[in-house]
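**Student:** As you go down the protein sequences, you meet chains C and F in turn.
The first sequence begins at 1 in my numbering and counts up one residue at a time.
The second sequence begins at 1 in my numbering and counts up one residue at a time.
Hints are all accurate, no fakes.
When the alpha-carbon atoms are kept at most 25 Å apart in a straight line, the in silico DMTMM-like pairs for lysine to aspartate or glutamate are as follows:
(1) C:247 to C:223
(2) F:51 to C:70
(3) C:89 to F:49
(4) C:126 to C:141
(5) F:51 to C:71
(6) F:133 to C:97
(7) C:76 to F:123
Derived Cβ-Cβ restraints for the label pairs, each shown as a range:
(8) C:253 to F:213: 52 to 62 Å
(9) F:92 to C:130: 40 to 50 Å
(10) C:27 to F:120: 23 to 33 Å
(11) F:192 to C:130: 51 to 61 Å
(12) F:193 to C:130: 52 to 62 Å
(13) F:213 to C:259: 48 to 58 Å
(14) C:253 to F:142: 42 to 52 Å
(15) F:184 to C:154: 51 to 61 Å
Hints listed in this document are in silico derivations from the structure and should not be mistaken for laboratory results.
Ideal placement from N, C-alpha and C gives every residue a C-beta, glycine not left out.
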Amino acid sequence: MTEVQTDQNQVRSSREDDDIIQIKEMHKWYGEFHVLKNINLSVKKGERIVICGPSGSGKSTLIRCINRLEEHQKGKIIVDGIELTGDLKHIELIRKEVGMVFQHFNLFPHLTNLENCALAPIWVRKMPRKEAEEIGMNFLERVKIPEQARKFPGQLSGGQQQRVAIARSLCMNPKIMLFDEPTSALDPEMIAEVLDVMVELAEEGMTMLCVTHEMGFAKRVADSVIFMDGGEVIESNEPNEFFNNPKSDRTKLFLSQILAH
Amino acid sequence: MSYEWDFAVVFQNYDLLLLGLINTLNVTGVSLLFGIPLGLFVALLRLADSKWVSRSAGIFIEFFRSTPPLVQLFWIFFVLPILFDIAIDPYSASIIAFSIQSSAFFAEVFRAGLISIDRGQWEAGYAIGMTRKQVLRRVTLPQAVKRMIPAFLERIIELMKTTTLVSAISYSDLLFQANDIAQQTYRPLEVFSVVAAMYFFVLWPTSVAARGLERRLAVSGESTAA
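All chains should be modelled from the sequences, with the hints used to inform the complete structure.
**Tutor:** Next up, the structure:
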């Protein structure tokens, strides 16, 4: 524990203010393709940000850069005072603090739902199994499916699987949660149960970045909405202004398309 | 054809055949003991990010898959002692040859199993803070191994059959013993029939067990076959 703290103090020298995430002039390329262009973004502790935009706009890539599932080539990303570089130690420190929920849940099919939850506390936090499973049960209760603990993910509905995935992330006690289109793969009747959990999380003060097209959710919980297109942040505003008074033509067009039906 | 079958000679020499069978199982088992971990290691090198490492592993795999096992065995038994000025007995030569040879095949089985696991499984493991080694050990490899079981057992059966080649360097495996008995008793028909049956009765349950295991894993509530 002491060793980890020392590590964190050493690498946290670059901290400037209260922003838990700072992205400065960040660029990313896939080969020749410039997928993220000059991204600047600061997120304060407890802030809830919704990122929307057409498919291929780079929104998923952006949040995947924050826990280094994608590598950026230029600019800076600083998460909780730690700069993301190629340094594996930094990456691992950040990943311990940042939870992520995926579009396709990505639960581990060979483990029970409870084992999915307890896995990282046991192997990453080095917790005794019993303690880790207690934490897992707590979070399965919070997402309202403790009765599914001993089942395997394959035996659950999509909505239930996504809730297990959220519980799995929360077991690491993250400071930041990233949601990458968490409801896009769900049947309509299951979207609400997942959004409910996300709303609760937001109300508890979790710092959240959500890539989603659920505009109702954005209106309800977001502190700001970011619109991306072509790898750029086109517009960023608080939800009321964003929806009622969009500034750019591209935002207007996008909103008219997704709110039309 | 008025051949008179006489299995008496086989039964008189059952202890020699039994010793042969034990030796065959010994060479197979010990080669697996080295070959499987080595195969996993080579598979991980093959999957490494570095092109240089990956290609070297690829060459290793292709070389040992594309040269006859008998040539490999002869090379190790006859050439290695000359090159390094060491004495090597038939048993050690067999173990070295079949460990390396089977590792090349197991590497491909491991590699195929690992790349069949969705990238999202790696990402989910990384996202909860696990290292590459932890994700491999706790998440992707256990899933891959389940998918590999059929290919794995097929390789084990294949390896046991291939070990008959060790008789060519005078290691007293089942085939070598059978040949010996056949030559002494002039009863090759009976001896080799019994030996064929012995191989069959060892290998057949292996493949039955494999299918049973596969079925059991399939109903354990997870659908890795997807």
